[in-house]
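Engineer: From these two lone chains plus the hints, build me the complex, please.
Line order of the protein sequences matches chains L and R. Throughout the first sequence, residue numbering follows the numbering used here, covering 13 to 166 in sequence. Throughout the second sequence, residue numbering follows the numbering used here, covering 279 to 440 in sequence.
Please note: incorrect hints may appear among the correct ones.
To be verified - Derived list of chain R stretches under chain L, where covered just means 3 residues or more per stretch with a C-beta under 8 Å from a C-beta of chain L: (1) 316–329; (2) 336–348; (3) 357–371.
These aren't lab readings, by the way, just hints derived from the structure by calculation. Even for Gly, the Cβ is constructed at its ideal location relative to N, Cα and C.
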Amino acid sequence: MAKLYFEDFQPGQTAEYGPRLVTREEIIAFAAQYDPQPMHLDEAAGQKSLLGGLGASGWHCCGILMRMICDSFMLNAASMGAGGVEEVKWLRPLRPGDCLRMRYTVLDVRASSSRPEMGIVRMRYEMTNARGECVMTMVTPALLRRRDAASALA
Amino acid sequence: MIRFFDDIRVGDRVELGTYLFTADDIKTFARQFDPQAFHVDEEEGLRSHFGGLVASGWHTASIWMRKLVDHRRREAEAIRSRGERMPQVGPSPGFRNLRWYKPVFAGDTVSYAVEVIEMRISQSRPDRGIVNMFGTGNNQHGVRVISFETATFVERRNPESQ
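For reference, chain R alone in the conformation it holds in the complex (with noise of 0.2 Å):
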């Protein structure tokens, strides 16, 4: 979603391709992060509630910000390829309502998606507008196991038009 605010509309949906979290991941970023026993050892994760190594909820959220700017640098890449003008995008004053519904197992693969979910032009900065996103990732059977709302500051094309 590399586009100026004005090019976008609320709708516009991204499917952002899949993620299989192998356990040596789910414990290298663990460790750095959120070193809690059933995110950083197998053994510890089966005598825990969830039953097995879980990744922590962080990474799940992570990888869904690693898809969301490899699709952009795909899409710069084309911008660039016939010789426009690149918008600036980000960065994002947060997020809400985040839900880690499931959870991530070692071996699952996450799919993740991204739409816009509500617009509007910056008080703060007249330049930019805020593109309201929703987020998620299912997991291979279907299953939800990630939702949230975040938002980022898009670069309007004609900031005089209202």
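Chain L on its own, in the form it takes in the complex (with noise of 0.2 Å):
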């Protein structure tokens, strides 16, 4: 496949990634190491809180997220990082089994003033389950390398 540069993302595109199922043993695991709150830690604990039983970090779902958007198109990608996020909207608890699809969909591109040879594509995100109820939403700019300015380059 070829690298995916600035140029190769253009406003209202869209593409989906998935199925990827979330093991209660993971949601766990990232909650002992990051976010050791009871209610990511134990079935009872979730259920006394406002998630209704055990849900995932937050931040695990951006984990989660993020991985999927490295597999689905980020690792072949020019990929500069990114300087922010401009919000995430944890909508409905994550739950264990829970079978997640990912959409991302283009807002606008515009090049950086800064940096001739980079680009800002910023993208909105969400992830659904499999019940098709919306678990999380992202709007984030990522910074991409100019096609022109790998070219000049070689």
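Structural biologist: Structure below.
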């Protein structure tokens, strides 16, 4: 597959990736290391919380989505990282056994004014479970190398 | 910040402590969640525009959460030892305006903090308040590497009062 550059992304472009099964073991393992709140570690504690049952850490949801982004296209793209995230909404609990799909939509694209070798692709991501319910949304600007900059360096 | 909503004030700020990002730690996180070359391989990091192995921004953020939970656990222990009622804190509906200002390199130590910036009573759950917080991390040179605004549901002591 040809490497993806800034120029390969157009506003309105969408793609899907998945499914990705999330296990109880990985939810608890992430929580134990990075977010050891009882509702992310223990079914009974989750029941007593607003999650209404064991649910993954929101930061784990971000990690899972990032991995799906990597596997779907980012590892094949001329990525220059990201300067941040505009917004993440954790809309529903991510449960053990959930089978996730990721969908991205390109919102807009622009050349960087400060770095001519770079372009900014603003993306909206949605992560949904097998019932079609949206678990999480994210809007973030991805920084990608420009193809013309790459050929100028070659 | 394990406190009832009623006992929290805008401007409350807590230093959450520091975390050293080792190369092994950076690669272990990244292999699982963000295996871009500059997060998993020193040589690739050196060749990249970063000029070295750098932590995934999601790693930097996840450690902020761990430091916050560690702080809450210490507070919870104190509440238990006084025999007081424990407020329910969490979950969070999300975050916004997250900035990764500078890369976190292997060997960097990040100091984390949290500050209350806004509070309101939940419309959907009147027994809860929503506390908006500003999370930050600075490296060992005092340079900011991460900040974001997040929120959490916090139990109210007296939901009848306004």
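Engineer: Hint by hint, which ones does the structure fall short of?
Structural biologist: none
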